[in-house]
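Dock chain H against the given chain D, drawing on the hints supplied.
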Amino acid sequence: MSTIAPVSLKRRSFIYRLLAAEGAQFGEINGGAVPLHFGAGREVELAAARRLALADLSVLPHVGFKGKGTVEWLTAQGLTIGPDSNKAYRQAGGELAARLAPTEIFLIDSLAGTGALIGRLGSAWKWAESAPRPAQGYPTPRQDSHAWFMVAGEFAPEMFAKICGVDLRRDRFAEGAIAQTSMAKMSAIVIRADRQGRDGRVNAAYHVLADIASAEYLWSCLMDAAAEFDGRPVGLLALQDLEQ
Amino acid sequence: MSDINRLPAPFGRLIDRSSRVTFDFEGRRIEGFKGDTIASALCANDQWMISRSFKYHRPRGVLTMAGQDANTLVQLPQEPNCLADKYPAEDGLKVKAQNYFGSFDSDMARVVELAHRFLPVGFYYKTFHEKKKSWKFWEPIVRAMTGLGAIDPKADFHHSYYDKKYLFADVAVIGGGPAGLAAARAAAESGAEVVLIDENAALGGSLGYARFDADGKRAPTLLNDLVAAAEGNARISVMTGAICSGFFTDNWLPVIKGNRFYKLRAKSVVVATGSIEQPAVFRNNDLPGVMMASAAQRLIHLYGVRPGRRAVILAANDDAYGAALDLLDAGVEVAAIADLRAAGSLSPLAARVKSRGVAVRVGHGVSEATYASKTHISGAVLAPVAGEGRFAAGGMSVACDLILMSVGFSPAGQLLHHAGAKFGYCPQSHMFHPTELPAGTHAAGSVNNAYDLDAVLTDGRRAGLLAARDAGLGVGEVPPAPAEKGNVGRTHPWPIFPHPRGFDFVDFDEDLKYHDLINGIADGYDNVELLKRYSTVGMGPSQGRHSAVTSVRIVSRETGADIGRMNVTTQRPPYTPEKFGHLAGRVFDPERRTAMHHRHLELGAQMMPAGIWWRPGYYGARQERDAAIVREVKAVRENVGLIDVSTLGGLDVRGPDAAEFLNRMYTFSYTKQPVGRSRYVLMTDNAGVVTDDGVACRFNDEHFYVTATTSGVDSVYRQMLFWNAQWRLDVDVANVTAAYAGVNIAGPKSRQVLQKLCTDTDLSPAGFPYMGVRMATVAGIPARLMRVGFVGELGYEIHVPASYGEALWDALMEAGKAEGIRPFGVEAQRVLRLEKGHIIVSQDTDGLTNVWEADMPWALAKTKPFFVGGRSTEIMAKAKLARKLVGFTLKSAGDPCPEECHLVLKGEEIVGRVTSAVRSPSLGKVVGLAYVAGGDAEPGREFDIKIGGGKRITGVVTKYPFYDPDNKRQEM
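Protein sequence lines, in the order shown, are assigned to chains D and H.
Reading the first sequence from the start, the letters are residues 1 to 244 in our numbering.
Reading the second sequence from the start, the letters are residues 1001 to 1972 in our numbering.
To be clear, the hints were calculated from the coordinates, so they are not data collected in a lab.
Take the hints with a grain of salt, since some may be wrong.
In silico lysine-lysine, BS3-like type, Cα no more than 27 Å apart, as pairs [unchecked claim]: (1) H:K1136 x H:K1126; (2) D:K185 x H:K1257; (3) H:K1096 x H:K1374; (4) H:K1756 x D:K185; (5) H:K1891 x H:K1862; (6) H:K1891 x H:K1951; (7) H:K1925 x H:K1634; (8) H:K1055 x H:K1034; (9) H:K1756 x D:K10; (10) H:K1817 x D:K10; (11) H:K1164 x D:K185; (12) D:K87 x H:K1267; (13) H:K1263 x D:K185; (14) D:K68 x H:K1672; (15) H:K1096 x H:K1164; (16) D:K185 x H:K1579; (17) H:K1925 x H:K1891; (18) H:K1257 x H:K1267; (19) H:K1817 x H:K1634; (20) D:K126 x H:K1672; (21) H:K1094 x H:K1154.
Taking CB as the label site, the calculated pair distances span [what the hints assert, rightly or not]: (22) H:P1010 x D:R42: 47 to 55 Å; (23) D:A128 x H:L1721: 47 to 55 Å; (24) D:Q77 x H:A1882: 57 to 65 Å; (25) D:S187 x H:N1259: 49 to 57 Å.
Every value quoted in this text rests on a predicted model; they were computed, and no experiment measured them.
Yeah, the Cβ is synthetic: ideal placement off N, Cα and C, and Gly gets one too.
One chain only, chain D, in its complex shape (with noise of 0.2 Å):
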C-alpha cells in the first residue's frame, strides 16, 4: 500500500493534521487515508502496540441500524447477534456488530477495512416501494457521526481510568463487553476487542467509538492520558501485526 496525502482524498479523518504532525505514513482504505505507519519502525510500533498506543481508524468502514425490525433484518441479511445489549459479537468477516440496544447495532468493519460486509448492507438496504414497508430499522450514519479510535496495550485500563469512570480492567471488563460511558466528559462507547496473535499471545485492544466534531478533542485527551504510560500513537499495521 502506497503512502498518500489525505487531503488527495475526499474522505478525510478530522485529525489527520495532528497524526501527520505525529509523522503518519497514511494508506486509502474505504477513500480515505489511514495511518498505517509512524516511521518508527515495526518492531517500535509493535511493541508500543503491546505496552499502550492509540491508533485512529476513523476512516475504516463503520455503519449503524436502528429502529424496529434492525436485528431481525441483520439477522436475516446473515449476521449473527446474540440477545444481549452492550455486547459486540463478531462475524465472520472479522467484523464487530455491537448491540447498543435491542433495537440499535454499530457495525464496524474488521481491520483489513474491506467493507464487504458493510457495502453489501448498504445496498441490501432500500426504501420500499410502496406501503406498508418492512420493518427492517433504518440506517444510521455511524461512519461519519463517531470518530473510532483503538487504544491498545497491557496499559490500556491503567490509561482510562484516567479519563473515564468505568473500570475497565480485563478481568471486570470481558472481551466483547460494551460500555456506553463518558470519557473525558463526553459520550463515548469502549469495547473491548483484543487481538490475537497466533501464537496465542492475547493483546488488550479497545475501540473507541465518539463524536466525529469532538475527535480532536478526544484524542488529545488520551495522548495526554497516555503519556505517563510512553504511549504513542500507531498505525493499522501495528495493530495487524498483533494478530501475527
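Chain H in isolation, oriented as in the chain D frame:
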C-alpha cells in the same frame, strides 16, 4: 552544628543515611537525609521552633510529628501552609516560618500576647455585632494580622500538572497500621481485591514507632511480617503517602497522592485510621519542647532524631512508660515521670522503667512548663494532684528540655463521621467510639476502641472478613470482636489543669486558653456546636483533633450535661486540606469542531463559541472586524458567499408515521407536504413558549430531514424521544447533527458556482425552486441539497457526510474562484438575516415568548387537532398581548445603533427590549427587532429606547422584511 540530634542506626527506619539533602530554613542551612521531613531535619539540627502561633505569635514546634496539628505549618516559595512534619525534606527547598513580623526569633507581634486580656473570646461577635462602624478601625489591623501563609502572585509561579484517576476495589482499607494490615490480609485471602491506603510514607502505623513490650521487640517483628504479607499479596494494592480525605455515599472515596486525585469506588470499606493522641492542658503546654509521647517516638524510630536531652513525662497510661524506655534507649535522660493516676502503673513497662532508675511520681502532674529562652522550654513544675483539675500546693521544679504528654487518645473517626457513623462516649475508657456503622462500612483497631495489640489484630481480621463478605465473597466463619480491647486505662478523664496565670491552651491552632472556653460558656454558648462557632475552638487547620474532646469535657462540667449523652462537633469532609489543583485536576473541556474548522483558521477567521461548537465569526483581523463583516455582507448581496453551517442541528425522522409525528411536534402541518419540498418548523412547549425552529425536508413519504438550531437540537431530540415514548408512533428519530457537514452557498452567483460541481441535478429555478430539496452529488460527494433563504438571497444549503466536509469546502472555494467567492461568518449572517427580518430563536425570543408575541401566527396550522403547546397557544390567542416583537428603524438617522437588551420604555415603564439591531450595510440605516407594548405594535408607532449612558432615542415600528420585502431575490 548540623545533625546534632541525629541518632545512630537502627533508629530512623524512614531515612536513607547514604543520601544527604540540604535546604534552607529562615536563612539557615539545614542538612538532613532523604526520607526526613522538613520538621525531622530541623529537629535533628536543633531547630525546635518551627513556626509562630496564629493569634499570640507564640513559638511553636513539633507536637505530633503526624501532620495532625498546625504547629508546623511553614511557607514554601510556591506553597503556603505546608505541614513540615509531613512534607519531605528536599534539596534546595527554601522554607520559611509563618506568622511573624520582623525576625522569626524576635517576632514583633509577640506583643499581642501582652494584650490577651483585651482580646476576649468571641472578639468578633462582641466587637462587630452591633458596633458595625468599629470595622473601619479594626479592618486594617485584622487584615494585617490574620491569614495563614502568603501567595505572591508576582513570584515566578509555576503551574503544576494535576490530574484525576478512578480506582476500583472490592474492599478499601484506610489505614495501614496493624488493624488495617490485618484487615487487608484477611480480605485478600478471601479473594477480595483490596486497596490499602495509608497517609504515611510507609506501612505499619504504630508498629513503626510505638513500644508494645518492655524489650521493644514485638512491634518490629510484627511490622516486618505484616508488611511483607501485604506487599507480597497480588490482591492487595498498597498506596502509601495517600490521604483518603472523605467518605461519601456508595463508598466513594477521594484519595490524594502527590498531584493526583483518585476517585475510589469500593464495594465495602474498612476504616482503620487509628487514634489521635490527646494533649494535656497546663500552663505553657504549647511551647517547643512539649510534645505528644508518640511524637517523640516517631522522631526516634522513624527519623533517628533525639527529641531532647532531659525529659519529663506526664503520664496517664502505660504507653508513657514505653515512651520512657524509648527515650532511655535513645540516650535521653528521663528526669521524672509524673503519673496522674493515684495508683500509678503495675505494667511490665513500668517495672522496666523503674528498674532503670527513673523517678516516678505517682499522683502527680505537670502544672507548668517553664522557659528561660523565649523559644524553648527549660523546665517543668510538677505538683501533686488534689482533685479533678486541681493541684495541691508543694510543686517542684525539674530542669528539662522535653515534656512528653501521654494522657490519652481519641479515635481518628473523621471518615466514619463522613460516612454517617454514630459515635458514643464510653464511660469506662473515657473515649468516644463508633456505636453504629453504615452498611458495608467496618471499623477496626483503635478507631474502633481496640488498643491492645492482639485485640487490634483480631479486630482487623474480623473487619477484613466482614468487608470481603459485603463485597460478595465467601469468607466462612468470622471471628467475634475481641472481648478485651485494652481500651480502659488509656485515657484520663480530665487531663485539664488550668493555671491561675493562664496560657493553658485547649486549642493550639486558635490560641484558645482554658478560660476562653469558660467565658464563652458564661456568655451563653453552652453547647459544643455553639461554643465552637463563638470561640472558634476546633475551627483551625487541625479541625479540633486535639481540642474537640477537651471542649466536650469542659462544656459537660460547666453545664452539668451528661458527657455520655454528648458528642464532638460535626466532622465534615475533607479530612485534610485539598488543593484547588486536586479538585480541578486536568481540565476536561470538550469542544466540537466542524470538518472545515482548520480551513477557517487558514483563512484568518476569528472563531467564536456556539455552545461547545466553534464557528467562524468573521474573516480578518480583529481590529478590522466591522469592515470585514461589511465585506462579507456585500459579497453575499452582490456576488457569492460561503458559510459553514455544520453546527446546525439535523434529525432524521423516518417511518410510516413520520409526517404525523412532525404534525404533533411542530406548529405547522406536514401530512400533505410534498416530497422534494421543505417547510418551516416552529416548536413550542406545553406552555406555548417558542423553543426552536428550522425546516423539515421531505425526501420521501417516510423520511424527513429536520433541521434545528445549533444550541437547541439536543433538547429537540430529547423532546422528540420523550413525546414518542408516550405516543408510540411508528417512527424512528436519529440525531445526525455531527454526521453531516453543511455549507450555505448564497448570493446571486451561487447557482453559477454550484452548477460547476453538481451535474446530476437540474438547478434551474423551475427544476429546483425555492424551498425545494434534492438528493444530489456535489463534487462527487453525495449531498442533501436545500434551497433556503435565511440570508435573503438565492442560496443552497449543501449537507454532506461530515468526513467529506473539508473536501466539499475546498471544491466550492476552488469552483467559485472565478466568481470571487468569499467565505462569510456568523456575524455577517446575523446582519443578513436581520435585514430579512428572520428571527433567531433564543435571541429574539426568550423563555416566555409565545407565537403571538413573536408575531408568527402564520406558522400555525389552522385545522389540525393537536400539536405540543397548541392548547396553550389557543388560550393565549384570547388574552391581551402584553408585548409584541416588531421590526423597527430609528427616527433619527444620526442616533447610535442600540444594542441587544437595551430597554424599550413607555414613559418610565419598561415594556420591552431590543433583541437584535444592526446598522445595515445593504440599507444604510439601523434596522432591528424589539419587543414593544402590545398596543404599540402598529407600523409607524414610535417608542423610546434607553441606550448606553441612559440616553433615550426614538424607534419607529416598521414592517419587515426590511430588505427585499417581496422575496424576489431568494426565489430567483
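Here is what the structure says about each hint:
1. About 15 Å separates the Cα atoms of K1136 of chain H and K1126 of chain H, which keeps this hinted pair within 27 Å; it holds.
2. Using a Cα cut-off of 27 Å, the hinted pair K185 of chain D and K1257 of chain H holds, with the two alpha carbons roughly 23 Å apart.
3. Between the alpha carbons of K1096 of chain H and K1374 of chain H the distance comes to roughly 19 Å, so the proposed pair stays at or under 27 Å and holds.
4. Restraint check: the Cα-Cα separation between K1756 of chain H and K185 of chain D comes to about 43 Å, which exceeds 27 Å; the hinted pair is violated.
5. Annotation: proposed proximity of K1891 of chain H to K1862 of chain H is violated, straight-line Cα distance about 37 Å (limit 27 Å).
6. With a C-alpha separation of about 14 Å, the suggested pairing of K1891 of chain H with K1951 of chain H holds against the 27 Å cut-off.
7. A distance of roughly 15 Å separates the Cα atoms of K1925 of chain H and K1634 of chain H; the hinted pair therefore holds under the 27 Å criterion.
8. A threshold of 27 Å between alpha carbons decides the hint, and for K1055 of chain H with K1034 of chain H the separation of about 34 Å lies outside it, so the pair is violated.
9. With a C-alpha separation of about 17 Å, the suggested pair K1756 of chain H and K10 of chain D falls inside the 27 Å cut-off, and the hint holds.
10. Between K1817 of chain H and K10 of chain D the alpha-carbon distance is near 20 Å, which keeps this suggested pair within the 27 Å criterion.
11. Between K1164 of chain H and K185 of chain D, the direct Cα distance comes to roughly 13 Å. Compliance with the 27 Å bound is thereby established for this hinted pair.
12. A hinted pair counts as satisfied when its Cα atoms are at most 27 Å apart, and K87 of chain D with K1267 of chain H qualifies at roughly 24 Å.
13. About 15 Å separates the Cα atoms of K1263 of chain H and K185 of chain D, which keeps this hinted pair within 27 Å; it holds.
14. For the given pair, K68 of chain D sits about 25 Å from K1672 of chain H by alpha-carbon distance, which is consistent with the 27 Å threshold.
15. Taking the CA atoms of K1096 of chain H and K1164 of chain H, the gap is about 30 Å. The hint is violated against a cut of 27 Å.
16. For the given pair, K185 of chain D sits about 22 Å from K1579 of chain H by alpha-carbon distance, which is consistent with the 27 Å threshold.
17. Under the criterion of a C-alpha separation no larger than 27 Å, the hint pairing K1925 of chain H with K1891 of chain H is consistent with the structure, at around 10 Å.
18. A C-alpha spacing of about 21 Å is found between K1257 of chain H and K1267 of chain H, which places the hinted pair at or below 27 Å, so the restraint holds.
19. Restraint check for K1817 of chain H and K1634 of chain H: the C-alpha separation of about 16 Å stays at or below 27 Å, so the hint holds.
20. Under the criterion of a C-alpha separation no larger than 27 Å, the hint pairing K126 of chain D with K1672 of chain H is consistent with the structure, at around 23 Å.
21. Taken as a hint, the K1094 of chain H and K1154 of chain H pair is honoured in the structure, with Cα atoms around 17 Å apart against an allowance of 27 Å.
22. Distance hint check for P1010 of chain H and R42 of chain D: the Cβ-Cβ separation is about 53 Å, which falls inside the suggested range of 47 to 55 Å.
23. The supplied range of 47 to 55 Å is broken by A128 of chain D and L1721 of chain H, whose beta-carbon atoms lie about 25 Å from each other.
24. Distance hint check for Q77 of chain D and A1882 of chain H: the Cβ-Cβ separation is about 59 Å, which falls inside the suggested range of 57 to 65 Å.
25. A hinted range of 49 to 57 Å is violated for the C-beta pair S187 of chain D and N1259 of chain H, which are about 28 Å apart.
In summary, the structure is inconsistent with hints 4, 5, 8, 15, 23 and 25 from the numbered list given earlier, while agreeing with the others.
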